[in-house]
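**Student:** The listed protein sequences correspond, in order, to chains F and A. So the first sequence is numbered by this note's numbering: it starts at 1 and just counts up by one. So the second sequence is numbered by this note's numbering: it starts at 1001 and just counts up by one.
Among the clues, some could well be false.
Listed below are the simulated DSS-like cross-link pairs for lysine-lysine, each with C-alpha atoms no more than 25 Å apart in a straight line [as the list claims (entries may be wrong)]: (1) K93(F) x K1038(A); (2) K66(F) x K197(F); (3) K1072(A) x K1128(A); (4) K1038(A) x K66(F); (5) K1006(A) x K126(F).
Some, not all, of what chain A presents toward chain F, calculated at C-beta under 10 Å [said to hold, decoys possible]: (6) Q1040; (7) P1112; (8) A1143.
Just so you know, the hints here were simulated from the structure itself, not pulled from any lab data. Glycine included, every Cβ here is placed at the ideal spot set by N, Cα and C.
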Amino acid sequence: MSQTSSSSLWKELTKGFLKENPILVIMLGLCATLACSTSATDAFGMGLAFSFVMLGSNIVVATIRKLVPSQVRIPVFITVISTFVTIVDYTLKAYFPALSQSLGVFVPLIVVNCIVMGRAEAFSSKNTVMASLMDGIGMGIGFTVIITVIGMIREVIGNGMLFGHQVMPAHYQPFLILILPPGAFLVIGFLMALHRKIMITFYKP
Amino acid sequence: MRDAIKMVSVLFIACGLAAGSLAVVNAITREPIASHEKRQREAALREVFPDADEFVNITPDRVWEALRKGRKEGHVFLIQVQGYSGPITLMFATDSDGALTGLRVLSHTETPGLGAKIATAQFRDQFKQKRPEELILKKDDPARGRIDAITGATVSSRAVTKAMRSTLEAFNEEQTGGEK
């Protein structure tokens, strides 16, 4: 996997979109996905914050992978990840206060999002910087697109709005359950079923 | 032993670099964060008491006197209450007659789409011109209450309403007690 031909790099990038999508296939760290997908705007913001941390941690972990003794790799990776998360948290607070307020505690919680740790451990600690960069971008895009789709579905059905604008007619009675925690599970479940259908139809095993 | 030294030094260096880069980020963002918080607070004071042109902090970060051309026109309060899923920070003001002039939710962690609606104008505007004794949810006391709870977020609505009432009652008691 460590060869750097452009076709294999392309594969590392695109696998995060569908084949190994972090939300629909890897299914790690769903807490942030559940909590921050009540509106499309929050979901998109969370996706971007996550992508930055994912990318930064993948690059740094791949760069230092040969210097770190395997016994202490987990604490070192966690230090790297939490550093990037704190950078994102402070930057949002300083320059995007509204977004920072609505994402609240879930930005700091990216630290314990298993998907970041999972990619550091399973991928970038064994691959080149270039491949890890591609993996990070792919995972980031895959995560952002899917969490935003979940956010849009939940916001439209559960609140009658989309990106904060009213889209449903005024007499529309929103299905509150969709913006409550169970709604996230329902939407993710339906998306997973759809994803399976697409994979079976277009990418026959 | 060699391994142990290597492990310790790698971890030490990694943490040192992390701490160093965070110090840099902190130095860059501290100014914008602090000035933003200050601006936000000033905007909030102005919004809950639009008629005043000066605010004097009489109890540090708790109570302000609202002045208009040097005359005392009312008070602004900043309180924190326990909501449904975490603390809610509220700022509200009363004029010299004791009627509310405005309410603002500065921060909260309520459920988005439900409890989070305490921050919408629709919920906040109904507090204008209300007196402390009217700050009860209609569903809790239909005879005296004048506040409509948010559908599906009674706990959040009640927490806000109740905290405002008790703060104002305690403050008024203190004021009249002091003047006697």
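**Student:** What are the numbers of the hints that this structure violates, sorted from low to high?
**Tutor:** 2, 4, 8
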